[in-house]
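Chemist: Given the coordinates of chain A, work out where chain B should sit on it, guided by the hints.
These protein sequence lines are chains A and B, in that order. For the first sequence, this note's numbering assigns the number 330 to the initial residue and increments by one for each residue that follows. For the second sequence, this note's numbering assigns the number 330 to the initial residue and increments by one for each residue that follows.
There could be a bad hint or two in this list.
What the hints assert, rightly or not - Footprint (simulated), chain A over chain B, 3 or more residues, beta carbon under 8 Å:
#: 1; stretch: 346-352
#: 2; stretch: 445-455
As the list claims (entries may be wrong) - Coverage of chain B stretches by chain A, computed from C-beta distances (three or more under 8 Å per stretch; other residues unrestricted):
#: 3; stretch: 389-396
#: 4; stretch: 430-439
Said to hold, decoys possible - Far from chain B, by Cβ distances over 10 Å, these chain A residues were calculated:
#: 5; residue: Pro447
#: 6; residue: Val486
#: 7; residue: Asn526
#: 8; residue: Glu578
#: 9; residue: Glu601
#: 10; residue: Leu637
FYI, nobody ran anything at the bench for these hints, they're computed from the structure. Think of the CB as a built atom: it goes at the ideal place given N, C-alpha and C, for glycine as much as any other residue.
Here is how the chains run, residue by residue.
2 protein chains.
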Amino acid sequence: MILTVTLNAALDLTYRVPHLVPHASHRVREVTERPGGKGLNVARVLGALGFRTTVTGFVGGEMGRVLRALLAADAAEHIAGGGTATVTDALFQVAGRTRRTVAVVDETTGDTTQFNEPGPHITPEEWDGFLTAYRALLGRGAEAVALCGSLPPGVPVGAYATLVREARTAGIPVLLDTDGEPLRRGLAARPDIVKPNAEELAGITGTAEPLRAARAAQRRGAHAVAASLGADGMLLVTQDGAWSAAVPERLAGNPTGAGDSAVAGLLSGLAEGLPWPDRLTRAVALSAATVRSPVAGEFDEPTYTRMLTSVRVRKAETP
Amino acid sequence: MILTVTLNAALDLTYRVPHLVPHASHRVREVTERPGGKGLNVARVLGALGFRTTVTGFVGGEMGRVLRALLAADAAEHIAGGGTATVTDALFQVAGRTRRTVAVVDETTGDTTQFNEPGPHITPEEWDGFLTAYRALLGRGAEAVALCGSLPPGVPVGAYATLVREARTAGIPVLLDTDGEPLRRGLAARPDIVKPNAEELAGITGTAEPLRAARAAQRRGAHAVAASLGADGMLLVTQDGAWSAAVPERLAGNPTGAGDSAVAGLLSGLAEGLPWPDRLTRAVALSAATVRSPVAGEFDEPTYTRMLTSVRVRKAETP
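Extracted from the complex, chain A is given alone in its bound form (with noise of 0.2 Å):
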């Protein structure tokens, strides 16, 4: 099984309007609702490709159970459809509220404006029961673990330092998608990869150029650096060499949700022991066939299929 933890998970609302104008009042056409927060998004990736994930994170309040719902409801729907591999909610129950995400799909001009509410407040008796499921969830087969996204309030700001810690005590990969601070402080504990994007990496290492980043970050502790790099694919850079990948053609679509996409591939790749560059090329086509998808952050399969054999990877020569 592969884990995911998503500490600020969130219900995502989607409302589609005809038009936003600032400051005026929107008859809402249409509500989304769905479990959110990128270890969510990840493990939904997953699950799809076919393979077992169990989600953790915290989960507290009404939106708290509107989300578990969802997730029960999503297991239920796979398995109607044929499918064997779910997603197993392994979620931490807090006191406080879990937050809601709103996206505000504007139908004129397809752009989308999102509003995020802060996350609950976590306690430190809250933070310590989490860290006691972590381990025990660790001890139950997980073959790899993703550590994705922000941290609610109240979190140590080292919070993903003790856990990819955890991980590689336990001998288990992990991998590592956050920013700011708490990117900064999992590096020095050596997560297996870390995914940041262009402005993540340039923001913990202080260079644009990604190569340069890439390698930058390396040193700071990751063994493995892969960042997304947006229309221009994704740059890797291990202990064994350096890689970047592209799809060959310009893809117009949705990139919400790309990046999420990109962890599952790899994690993917990593639990089937596949090699670097065939990691890449999953993370490059399951990216690309999540903008391509009509529905944000779900992947559309033919342009997956066709992906696999089309995206090209190339020897990263040092800029």
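Modeler: Chain B in isolation, oriented as in the chain A frame:
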């Protein structure tokens, strides 16, 4: 007791953001949740004025549960603060889910951008069940009824006409505050008071001049028409005469909920048997005190007290 009906009740969320930028991502600094929909706002103001109030309308799903919990918490807080008149929850449970509204407050400009979800679909059986419950509430000593806001999907467009007739049959004065076709139909059932704003009044009468439009609305069936005209105060047309009332000064503030406070003022005056000009004074004073309140939809008590003696009521002349 005063009964307020909110068929399309909502859970109102207010998001404060530093500055709203379309197509950007925003961290919400502060989230406020409260029971919403016009009739629930009217009840809150009536409760603060010391009137026993019962609320009904449709409620369902997780958001409905949150709404009811907030109503209960408000009542408990009111009692703890030494109050005696609370808002009694007589909402009618349905299978659909109570909608949300999201008001995004731009802290730089002070402006609000509003997103309103559609309401739950109400089945014919639920509508019949509600009618039975409504009749029972009318029989429990209601002194006045307010029918407020839009209709959720599935409810017949003539719903307010039906509810007006039931109240009149029971001998209970009824106020109608809605717009469009539900208002047009409701008027024909001869409510005691309708409270349109200038735009709603023009919409159903085709006349932009307020006094002419109010008289036209009266001819269509309302015994009295109380039109709220924003900063220009209110205009009241009854069978005994016509009056206008306004505050003696321009008030800066947030007009959200000012119309609902006007309804509360009219209803409270009706329940106490005050003469028409005094009901109008109360409505305008409460509206003004709501505009001046730092919290949207609440009223500023000192402003209310001051306005009660400074609102000017004049006989309105036929234009």
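Chemist: Each hint: holds or not?
Modeler: So, going through the hints one by one against the coordinates:
{"no.": "1", "hint": "346-352", "in the structure": "holds (count 5)"}
{"no.": "2", "hint": "445-455", "in the structure": "holds (count 3)"}
{"no.": "3", "hint": "389-396", "in the structure": "holds (count 4)"}
{"no.": "4", "hint": "430-439", "in the structure": "holds (count 4)"}
{"no.": "5", "hint": "Pro447", "in the structure": "7 Å, violated"}
{"no.": "6", "hint": "Val486", "in the structure": "17 Å, holds"}
{"no.": "7", "hint": "Asn526", "in the structure": "13 Å, holds"}
{"no.": "8", "hint": "Glu578", "in the structure": "25 Å, holds"}
{"no.": "9", "hint": "Glu601", "in the structure": "34 Å, holds"}
{"no.": "10", "hint": "Leu637", "in the structure": "31 Å, holds"}
Of the hints listed earlier, the one the structure fails to meet is number 5.
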